[in-house]
Amino acid sequence: MLNDFFLRLREGGVPVSVREYLMLLEALGKGVADYRVEGFYHLARAALVKDESHYDRYDRVFAAYFKGVAELPDGILAAIPEEWLRRMSELNLSDEDKAAIQALGGWEKLMETLRQRLAEQKDRHQGGSKWIGTAGTSPFGAHGYNPEGVRIGQGASRNRRAVKVWDQREFRNLDSSEELGPRNIKLALRRLRRFAREGAPEELDLDGTISATARNAGWLDLRMVPERHNAVKVLLFLDVGGSMDDHVKICEELFSAARTEFKHLEYYYFHNFVYESVWRDNRRRRSERFPLASVMHRYAHDYRLILVGDATMSPYEIIYPGGAIEHHNEEAGAVWLSRLLATYPRAIWLNPQPEQRWDYHDSIRITRELMTERMFPLTLDGLDRGISRLRGQ
Amino acid sequence: MRFTGTDTYVATDDLMMAVNAAVTLERPLLIKGEPGTGKTLLAVEVAKALGRPLLQWHVKSTSKAQQGLYEYDAVSRLRDSQLGDARVQDIAHYIKRGPLWEAFDSAAPAVLLIDEIDKADIEFPNDLLRELDRMEFHVYETQQLVKARHRPAIIITSNNEKELPDAFLRRCFFHYIRFPDRETMERIVGVHFPGLKKNLLAQALTAFFAIREVPGLKKKPSTSELLDWLKLLVAEDIPPEALHNPETGKIIPPLHGALLKNEQDVHLFERLVFMSRRNA
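Chains B and Y, in that order, are what the protein sequence lines are.
Heads up: the first sequence begins at 64 in our numbering, then just goes up one per residue.
Heads up: the second sequence begins at 202 in our numbering, then just goes up one per residue.
Please keep in mind that the hints were generated in silico from the structure rather than gathered at the bench.
Errors might be hidden in some of the hints.
Covered, in the sense of this in silico footprint (three residues per stretch, anywhere, with C-beta under 8 Å from a C-beta of chain Y), are these stretches of chain B [unchecked claim]:
hint, segment
1, 85 to 95
2, 111 to 120
3, 276 to 282
4, 374 to 382
Mimicking SDA-like on lysine to any residue, the simulated pairs with C-alpha atoms at most 20 Å apart in a straight line are [to be verified]:
hint, chain 1, residue 1, chain 2, residue 2
5, B, K249, Y, K419
6, B, K326, Y, D322
7, Y, K265, Y, A308
8, Y, K363, B, R256
9, Y, K363, B, E115
10, Y, K265, B, S319
11, Y, K265, B, L269
12, Y, K363, B, D270
13, Y, K265, B, D270
14, Y, K363, B, R452
15, Y, K320, B, R254
16, Y, K320, B, L269
17, B, K249, Y, E364
18, Y, K420, Y, E471
19, B, K249, Y, S262
20, Y, K320, B, E324
21, Y, K297, Y, A308
22, Y, K363, B, L443
23, Y, K265, B, T323
24, Y, K419, B, K326
25, Y, K420, B, E316
26, Y, K233, B, E290
27, B, K312, Y, P416
None of these values were measured; they are calculated from a predicted model.
Built from N, CA and C at the ideal position, the CB exists for glycine as well.
Bound-form chain Y, shown alone:
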């Protein structure tokens, strides 16, 4: 059962290799890459392709590693004790399972997504070392050892905002999703817009890669932004000719707001277009 991409996700050779290695060896896979290159989507697609249940854990700056395992809800227990509820006697009622526990306890091998692990505190990955390595942990309150029935395929994404500790990296496979080249991009667009007119696609990609080449942009448009933009172009029914202006040789894309997300970038871009027109 090898992952070879899906009908809605185009995977390159090296990405497939990394996913298959991680799934076969049951080790976590760490995915990095520019925002909008489909890091998070990968886990969803892997789960779909392998027919496994997907569990997601979206990490925030306030997330603690413990929350992935379980949480002890002391407040509920306190309230129940004041109300004289009989449940209060059993502490297990107040242990809330986290996504990692759910993944370990899943009847079929699961795919667990740990999204944006770099958002959390620096120590966060260190706190998960044993859990990811041995795939077991101890519940302190109930003296229970939780062990994975099947080792889940764990996919971890990072935006590189914090450096991850070495000990953590050593336990993972690693893949950096490179920005797709024109050819891969055509395949990606083909998967999302199967009926797209050939010449519109060609013009749109030319415009898109030209914008990415503009020097000094604060944020370069990414794959997901290209897909949004194409959706708008299709919805507005813009003809391919509008994307390319042969007189100036410069591209003035309509609806550029979908591609450029920063007013400084839009200004810069408009200035460049204006200058090239004046020179022409």
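Here chain B stands alone, though its shape is the one from the complex:
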């Protein structure tokens, strides 16, 4: 049974490993959980899920898998507020029913009988027609007792935890919809870091000197090392103006984060799509342009290329020569993009448009094809995926 649950979790996108599964079994064997579904839920979550953004997925799988398996929690008897039952009966029970209650011996007896019935009742009764829930002579119910069983305790604080926590899905909003702020962006970009000591040794290696000297029985032995720095080089192309105006804030944040994170960052601007020239200063975009060919010659292949743009335009602007909206281009944008990709094999396209809208734009589809699916949304999750794509290969 648990093997199945384990596999379901993996299918549900929770990255669990065999090691963690064995850990869970070991904990179960030692009796850490107290044989209640709720206890098992907490224990399995602590053992299997290692990221709070996966809690929601776990909850969903758990709810789907254990639907109906959960027995009525033992505590429910005490947790049914007597007041509540009394009130419900006043609302819903007919005079005959009330007479029947009296015939059963009043409230004390009634609660006793209810307790017995609950004890006999082993399953959750969806229909509720058999044991509890029929109108008429049965004193329990007439819609007063919800056959779902768990909802009954909602008003009582003690039992609220027994309202199956996994059905509440309280961690819903942690599921990768986290707001993208400068700090998050920096942290995502930081994963690209690749520290290396390159160049001339010009920094005093204090630890090295000390240990070399100590090993040398006290004769000073100076050691030098090259400075340690982030060796990753990044070439950033940003789309400006037009439809990108909606996304200015997020692009600014991405840019400022990238500037502080990478020592070797080169950036250029383009409008809508890359053509034969780009520029570095938006105020002088007409007068001071750099031919794309010379940019590609200038920066070596080990630069990682990040294009940022919404790729939302007319498809002609990509696939036809002369399709650009601002000038006449001799060669189509698609040709230039392919050249860029050939020069910089490690490249991604970040798109501030929400991913679910991509399919509505032909231009995005074409760009994605040109990028061989290396387009990612400009969200924390997308940035993460994009950066790991840049790291790989």
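Based on the hints, put chain Y in the right spot on chain B.
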């Protein structure tokens, strides 16, 4: 011997389960959560509840995994050798034990807190894999194998500033401390201020949760800030009525500086209060 919270610490069911699982199986427990939800305090309270000695290792951005095990003080040895000290012959004199070694060598099973592990370098957790898993390590200088006499209960906290490596996560139990709901919060406050007037508490919590709901706050106030604020309210002897202004329906908490730690947040909050007053 199960951990069920202490008289100064309110633990939720899922937190208790995670702690008990980690203590029973002698595996590390990784705790994440918003700042100020009592992550660090947990280790202190677990040690207190289980009656075990507590060892703390506060990680900084410059911390190395090696420092948790031991450090070889070569400079002292160098100085001693220049002075002709006899101790210099034995290298063991210059090996300084780290918190992990102390925890392994403790006579009774200890509780070890590794605080804010995400502050250190990305490789830091990877360097501790074997130590946390097998609970043993090798001292290179003296060729000595240090093995845990009792596997300590290790509690690790993280603020999520860096992603932790998978291999490391696989070896831990994990718990995310959720921000407490109103009911849990009342219990937490009750534990810290047993004599607090009922209506002051109710008004203060209303004000507190209302501030947390204000959209656009850069830093939402947390549990520890609420406790600080209550301490101030009690010290200043502020009446409960002052916390709630029924005319505007808007809450203007006195001493809000304890809750809002950012001048932009204070401005935003004052503007909202001002606007709601004008509309009223």
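Do the hints match the structure? See the list:
Counting residues of the segment 85 to 95 of chain B whose CB lies closer than 8 Å to any CB of chain Y gives 5, so the stated coverage by that chain holds, three being the minimum. Evaluation of the coverage hint for the segment 111 to 120 of chain B: fulfilled, as 5 residues show C-beta separations to chain Y shorter than 8 Å, against a requirement of three. Coverage of the segment 276 to 282 of chain B by chain Y holds. Counting CB-CB distances below 8 Å, 4 residues qualify, and the rule asks for three or more. A count of 0 residues in the segment 374 to 382 of chain B with a Cβ less than 8 Å from any Cβ of chain Y is obtained; the coverage claim is therefore unmet, three being the minimum.
Our distance criterion of 20 Å between C-alpha atoms is met by B/K249 and Y/K419, whose separation comes to about 17 Å. Annotation: proposed proximity of B/K326 to Y/D322 holds, straight-line Cα distance about 19 Å (limit 20 Å). For the given pair, Y/K265 sits about 26 Å from Y/A308 by alpha-carbon distance, which is inconsistent with the 20 Å threshold. The hinted pair formed by Y/K363 and B/R256 meets the criterion: a straight-line CA distance of about 13 Å does not exceed 20 Å.
Between Y/K363 and B/E115 the alpha-carbon distance is near 14 Å, which keeps this suggested pair within the 20 Å criterion. As the CA atoms of Y/K265 and B/S319 are separated by approximately 30 Å, the hinted pair breaks the 20 Å bound. Among the hinted pairs, Y/K265 with B/L269 is consistent with the structure: their alpha-carbon atoms are about 16 Å apart, no more than 20 Å. Pair hint Y/K363 plus B/D270 does not hold up; C-alpha atoms about 27 Å apart against a cutoff of 20 Å.
Distance restraint check for Y/K265 and B/D270: the Cα-Cα separation of roughly 13 Å lies within the 20 Å cut-off, and the hinted pair is therefore satisfied. Straight-line distance between C-alpha atoms of Y/K363 and B/R452 comes to about 18 Å, which keeps the hinted pair within the 20 Å bound. With a CA separation close to 15 Å, the supplied pair Y/K320 and B/R254 stays within the 20 Å bound. A hinted pair counts as satisfied when its Cα atoms are at most 20 Å apart, and Y/K320 with B/L269 does not qualify at roughly 23 Å.
For the suggested pair B/K249 and Y/E364, the alpha carbons sit about 13 Å apart, so the restraint of at most 20 Å is met. As the CA atoms of Y/K420 and Y/E471 are separated by approximately 15 Å, the hinted pair is consistent with the 20 Å bound. Distance hint between B/K249 and Y/S262 is fulfilled; the C-alpha atoms sit about 16 Å from each other, no more than 20 Å. With a CA separation close to 17 Å, the supplied pair Y/K320 and B/E324 stays within the 20 Å bound.
In summary, the hint linking Y/K297 to Y/A308 is supported, as the alpha carbons are separated by about 19 Å, within the 20 Å threshold. A hinted pair counts as satisfied when its Cα atoms are at most 20 Å apart, and Y/K363 with B/L443 qualifies at roughly 14 Å. Taking the CA atoms of Y/K265 and B/T323, the gap is near 24 Å; set against the 20 Å cutoff, the hint is violated. With a CA separation close to 29 Å, the supplied pair Y/K419 and B/K326 exceeds the 20 Å bound.
Restraint check for Y/K420 and B/E316: the C-alpha separation of about 19 Å stays at or below 20 Å, so the hint holds. Proposed proximity of Y/K233 and B/E290 is contradicted: the alpha carbons are some 34 Å apart, above 20 Å. With a C-alpha separation of about 18 Å, the suggested pairing of B/K312 with Y/P416 holds against the 20 Å cut-off.
In summary, the numbered hints that this structure violates are 4, 7, 10, 12, 16, 23, 24 and 26.
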